[in-house]
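J.: Chains as they are written, first to last, in my numbering: chain A, 1 to 308; chain B, 1 to 297; chain C, 1 to 359.
Certain hints may be false.
No more than 35 Å apart at the CA atoms, straight line, and that leaves these computed lysine-lysine pairs for DSBU-like [to be verified]:
hint	chain 1	residue 1	chain 2	residue 2
1	B	Lys204	C	Lys66
2	B	Lys193	C	Lys13
3	B	Lys17	A	Lys132
4	B	Lys47	A	Lys249
5	B	Lys193	A	Lys23
6	B	Lys196	C	Lys168
Reference excerpt, derived from the structure (chain B facing chain C, CB under 8 Å, subset only) [to be verified]:
hint	residue
7	Arg68
8	Val197
9	Lys204
10	Ile209
11	Met213
12	Val217
13	Glu290
Quick list of simulated restraints, FRET-style, between CB atoms [said to hold, decoys possible]:
hint	chain 1	residue 1	chain 2	residue 2	range
14	C	Gln2	B	Leu93	44 to 54 Å
15	A	Ala17	C	Glu75	16 to 26 Å
16	A	Val205	B	Thr202	19 to 29 Å
17	A	Val82	B	Lys101	44 to 54 Å
Just so you know, these hints were derived from the structure itself, not from any lab.
All of these numbers come straight from a predicted model, not from anything done at the bench.
The beta carbon of each residue, even a glycine, is placed where N, CA and C say it ideally should be.
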Amino acid sequence: MADATLAGNTARSDAMAGPRGAKPRRILSGRNIMIYGTLIVFSLYYLLPLWVMVMTSLKGMPEVRLGNIFAPPVEITFQPWVKAWAEACTGLNCDGLSRGFWNSVRILIPSVILSIAVASVNGYALTFWKFKGADTFFTILIFGAFIPYQIMLYPIVILLREMGLYGTLWGLVLVHTVFGMPILTLLFRNYFSTIPEELFKAARVDGAGFWSIYARILMPMSLPIFVVAIILQVTGIWNDFLFGVVYTKPDLYPMTVQLNNIVNSVQGVKEYNVNMAATLLTGLVPLIIYFVSGKLFVRGIAAGAVKG
Amino acid sequence: MAAQTRPNRILRNLNSKIAAIPMVLTALVVFLGGTLWTVLYSFTDSKLLPRERFVGFDQYERLWTNSRWLISIENLMVFGFFSLIFTLVIGFLLAVAMDQKIRYEDTFRTIMLYPFALSFVVTGLVWQWILNPQFGVQSIIRGLGWTSFTFDPLNNQDIVIYGLLIAGLWQGTGFVMCLMLAGLRGIDEDIWKAAKVDGIPTWKTYYKIIIPMMRPVFITTLVIIASGIIRLYDLVVAQTSGGPGNASQVPAMYVYDYMFQAQNLGQGFAASTMMLLSVLVVLIPWAYLEFGSKKHG
Amino acid sequence: MQHSISVKDLTLKFGTAAVLKNLNIDVAEGEFVVLLGPSGCGKSTLLNCLAGLLDITDGQIWIKGKNVTWAEPSERGIGMVFQSYALYPQMTVRGNLSFGLKNAKVPKPEIDKRVARAAEILQIEPLLDRKPGALSGGQRQRVAIGRALVRDVDVFLFDEPLSNLDAKLRSELRVEIKRLHSRLNNTMVYVTHDQIEALTLADRIAVMRGGIIQQLDAPQTIYNRPLNLFVAGFIGSPSMNFLHGSTVENGRYFQFSDTKIDLVDYEGGAVMERHKAILGLRPEHLTIHHQAEPGHTIPAVVEIDEPMGADSLIWLVANGVQMSVRVPVEHRLRPGTEVHLKVDIAKASIFDTGTEQRV
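So here's chain A without its partners, still in its complex pose (with noise of 0.2 Å):
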């Protein structure tokens, strides 16, 4: 029966010996030692050959022949930045990246655009108008995200010829866009399953139809999901090869086709420097948007989850 004084019993005077307040904490426990040793360690093999490629794409030549890849320059020099984008060359022409660049610009747009809009529309119907079957095919959709793509790699050919699309622009994005399906409409079915459906309930007790309830509705609601998408389809595009090796005519190849035959088909001397900021050069669009997007192409990738 204890009195009801808001505070309870007061302090015993005696008994206040021993541990009060916070736990002391050493900073170089053990446990931090293991934990942020072991993130530094691979944290270093992931940066080293950014460090590389950015120290040797700075070099002069003679400073590069004359050995350590891991110390920076002693002068720094951007012309081997300016002879990748302009000069090197593919052993067709000697016009530098900069022709592969604007063709992976080229394919990108299209693609993404493409790619984008029928599989969000896809998976709007997956998710809101089911029909009959609508599963089976998506299944198989998914499958075919799994299974190799060499396996469809001449069937491809065939259509595209039939089309008169092989070895054009458009023939590659419908490539990408068919490619780029299982995933993207995952990634669309997935999230538009989160929205209730109440809302499209009532939106179709309003009198809207398939096409407007997706226009007006659901795709204004939808921005972080297409970000995400663009994040994973510009990445999966600007990075491809095969179907950039396979489905285009030389003049057509994207920056990736062209950094490979720029460093590998080169006889004679090789102008390491040259090839490391060719590199940097192609890998720069899609550093740039992971380090701007940040936490959103953690989300892409995660919900993506297969590359390439």
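Given chain A, work out where chains B and C should sit, using these hints.
T.: Structure of chains B and C alone, referenced to chain A:
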């Protein structure tokens, strides 16, 4: 009340069906149709163009007696085996480290994940440079005093595959770390508390409780990694071009080279069919595990 | 007399925000204390501090005469039951119960003995070889309690253990927990936001808000003599009626609009003249009369009549304030009826408007 005719089944939900045409076409024509077509024509002797002369298992016999193909398979298995193990282990360990409520988590994650944003070509080329015997790691260590140090995997037929492995791990482990971290974070915090009250040390909690709970994540990650490994192509083309000689050939290269350069479509079809089979071997049991039991349950 | 648990000046800050402020509690051996309060009041936080799952910023925690402020959870002599049960999913029930003991290198015969005893007390013997996934919510909760039982400790901590169960199961398990307590006589500290659980289970309730204990008393005391406005309004459903007015004539009357209530029988003794005060009256401490009794009744107009089986809840408006009164269900009243509410001033509470404390 006027009698109403029931709308034709096909016309019901017409807009949706029209909108789904691309998906249906893709699924049926490209994925299903394309796959079946290739498998079918792998039984022909197509050379430059597809030919309908069926020759039974001829292509497959030739495939499996081709040393280049055998090397490809061996390389893929070695690469696949080590890649799988190391990626899972490293990815998991890093995820555990990241899960410990550390500071600078975002910084570490940014550093670990950026390689994943790069093309395999970029990865291959930069590691080719780093492993360059004249200027790269070997020369640096030699410069530090160990003059007989040798580390030249890309010119050594026996260990070139490990040079590729280093590059592959560099690109992929950050991604697996993210998947694992998401899995770890999905575990009910109360489980940790219960284990602490029970007095279970942290490592044991991971080992006996958390990891078993993460089985689905591990399996999914495994399937994703496996399907990526089969497709190994860009990295090899960039880093070693399949060399030295044929030492780092992989099946995907075999397919491309025979299909588009050696004018031997039949071989290319056979090789890609083998690739498909190996994926199905992994995929079908997993699909059954994930989805089949739910249907029959 | 040694307390089972003693909390002295416990403070917990996250950064600069103080989540628990200078708490002092003593729990006697075998006592059942409930920490009750709204979300965010700090009750779960306090429990986690007692368990050693959270580090405190200042103060001490003593359990059974030992200073455990820096001790690990497993060294504090506590067992804990979680809201989400937190059973190890891939182990059987037996595995769940014995895992901690195995880890502490308790000899196998002793483990078996304790598991058998816990299973018998909680009636989960037939479940011992099943996995948590094959158990119902109620069964899982029992296993969770079992896990604490096998630890052979004197103090049990419960963190909202029944919140995940449906209403029927909740009342069943509530009775079980009470039975458990009377059988084992362990010290129990129980966190909940549900008043019914608090009132039925507790020997004492600590009502918390904003990291501070508002009142620590036996349930009936808290119900009948709440120490401040918050406690008065928090406990009791429907909540207490509050009339804002002032005490007049040297504290002899409470004036609220035109109505004066005689305070002679007020339990708090003599009330001084204050300006603003609040009179708190529980719905069951008011009766409906049709005649005014000056100094003892409040005129009101019936708004709504809510019959609830055995009782009715009558909602009325008195001088612009909505009030509720509990009456037997047979007393139907039509909306619009003018009545007089008789006040049982002996059971009322008066609070100072400024300090919100009971006077």
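J.: Are there hints from earlier that the structure breaks, and if so, what are their numbers?
T.: 7, 12, 13, 16
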